[in-house]
Amino acid sequence: MRAYINQLLDVPSSDPDEARRGRLLNILLLGVLIAALLGLISILLNALRAKTSISDPEVQVLLGGIVIFTFGIIVIYQMNRRLSGRWAALLFLLLLTIIFVFTDSPQELVDGRSLFLFTLPIAFSSLILAPQASFLFATISSAIIAWLATSIGLSVNVFVVSGFFSLALVSWLSARSLEHALKELRVINANLDQVVIERTQELAKSLERERIEAGRNQAILNSIADGVVVFDTEWNAILANPALRAMLEIPTELIVSKNFRDLIEHPRLSPKSRHLLYAMMEHDTQPPSFRIEWDKKTLSISAAQVYDNSKDKHTNIGTVTVFRDFTREAEVEKLKSTFVAIVSHELRTPLNAILGYAEMFKESVYGPMNDKQVNMAERIMKNTQRLLGLINDLLDQAQMEAGKLTIQMAPVHPAELLENLHSVMDQIAHEKRLRLTSEIDDALPEVLNGDGARLQQILVNLVNNAIKFTDQGTVHVRLFSPFDRKWSIEVSDTGSGIPENELPYIFETFRQVEGGATRVHGGFGLGLSIVKQLVNLMSGDIRVDSTIDVGTIFIVTLPLVVPAENKEKWRNL
Amino acid sequence: MSQLALIIEDDEDLASIFAEALRGVGFEVELVADGKSAQERLKNGVPPFLILLDMHLPHVSGADLLTNIIKKDQRFAKTIVIITTADARMGEAYTEQVDFVMIKPISFVQLRDLTSRLMPKEQ
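So the protein lines, in turn, are chains A and B. With my numbering, letter number 549 in the first sequence gets 549, and the count goes up by one each step, no holes. Position in the second sequence counted from 1, then plus 1000, gives you my numbering.
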């Protein structure tokens, strides 16, 4: 009902002022129509009570007036809606003014009870026509009053006329301010609308950007060959990429939004790997990268904490874990260590047998041998030992590359190291007519912590190397403590020396000075490389100082740790 | 009466070289070529004067024989035990449990000289 009335009253217009005026006019039309209908009803009621007769000419004029008036209102209403609001309003006001002229006696209109009627068009006009129209109707009303007054022989009431114009002024001012206020409001509204539109567009754009970025990140994550899973601080998986799904061969539902514990408890995971993963969850007890066994696969895992650095915060927001399929590499590694083990056993055992049989010849176990035969047996032994040495070097190198060679610390007697060195190398030095001498500094403790076998290897390799490159003179070994908490192995020779430009490369694997030296001196060039790697494993360092045709000095410096039970004794020295 | 030396070694050539070295100093030599036979021999046969034990044997390892039979059975209390291994690290680990550790390659002369020192002197 209300909506229907609203629809009836509204005037469609693009100009909001016109629409407002049109609506106001319609409201007035409706009001006036109701008044006219009420007038009609009261006339009919009076006629029924037989106070007046419908046939009375005065009543008939009144009835005719009402009918014409009603018709006029409908015409104006239609005009207002379809043609022009301005003209409709003007017509309405003029009609109203004319009707007022006939509603009462000229006496009352000019100077009595009905004088106020003419104020209505003045007030209405400023609202429904234009603010300044109030002056037009003040003029029209004044003219009518003046005409009526003259026609009945009265003078024009100046107060009434000035009252009309005062009212016109007030109406004009208030209507004008109203229109201005509305206009300003509309401007404000329009600005506000503009701001809202701009903001909405910005928001849409940034949402789009975010969507594109998220899409791109997702695409990157999806195309990574490594399995990626991100956990929150409670170890609940918040996302996982398809590669992880493929790698673990389990559906995403079993990964995403599940706790890491669920994955760890999965039966395909080996018990040992379970321990490793639990250790990773407990934090910081795992190296950043380690391996697990998932079914028949070997996976390498690296985990990193994720920090939020935005807005001056530095909070841990979870862990990103990358799984890499390491199965093939693990197989290759296994193959390599199997190979190393086979080589170690299968190559060395027959060589050991050759060595043994040659020795038996040399020792004349099965009857006396002549000098040439003994010499030949010795040559067989020497070559076999060289071959064994090479195999050992290769195995050491392989083990070091696989990271399997470890240093095992135990109390070591430096004097014993030298004793063993002499027992192995004296003969070799003697054969080249070189002197092999050694000394131990008094300040060096009798017992120190070290890996005896590996220290022996360092000594043998360095001395072997020195003998190889020295043609006459001495190879001297010195064990001493250069400064607090360090001890050194120094091997010096009187050999050909190493050219300065070759010095940086002498510790490289499979390297010999001048490239062709292998042919003259034999060996793979692994000796010094192994020494350097062993020294590094022992947290020490190796230096070399060489002068051409004077000689070379190698100095290995290692941390000096004296076993607890020997400490007291050492201090008392 | 000559002393009995038991050589437990799977490589035929090494076994023959070791046997020759030991015979050379006057031992009576008995050879066993794998872990399982060695197990049987140790459990049932006469306790030898000396055992030369290879740590890398097929079926039952030398380490097993050492810890589960030789070190447990009182019959071997007086037996001299020499282990042979190519792994210096492994050898080091057993120095406390056995009389001698020999690291391969083992020299004929070295073995001969060592065992000759161990041979009880004739009265």
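No lab work stands behind these hints: they were computed from the structure. Careful, some of the hints might be misleading.
To list a few chain A residues with every Cβ distance to chain B over 12 angstroms, as calculated [said to hold, decoys possible]:
id	residue
1	Arg20
2	Asp226
3	Glu293
4	Glu329
5	Leu335
6	Met381
7	Gln385
8	Val535
One-sided excerpt, in silico: chain B residues whose CB lies under 8 angstroms from chain A [said to hold, decoys possible]:
id	residue
9	Asp1013
10	Leu1014
11	Ile1017
12	Glu1020
13	Lys1043
14	Ala1088
15	Phe1100
16	Met1102
17	Ile1106
Glycine residues also receive a C-beta, built at the ideal position from the N, C-alpha and C atoms.
We went through each hint and held it up to the structure:
no. : hint    : verdict
1   : Arg20   : holds (103 angstroms)
2   : Asp226  : holds (37 angstroms)
3   : Glu293  : holds (26 angstroms)
4   : Glu329  : holds (26 angstroms)
5   : Leu335  : holds (20 angstroms)
6   : Met381  : violated (9 angstroms)
7   : Gln385  : violated (8 angstroms)
8   : Val535  : holds (19 angstroms)
9   : Asp1013 : holds (3 angstroms)
10  : Leu1014 : holds (6 angstroms)
11  : Ile1017 : holds (4 angstroms)
12  : Glu1020 : holds (6 angstroms)
13  : Lys1043 : violated (27 angstroms)
14  : Ala1088 : holds (5 angstroms)
15  : Phe1100 : violated (16 angstroms)
16  : Met1102 : violated (11 angstroms)
17  : Ile1106 : holds (7 angstroms)
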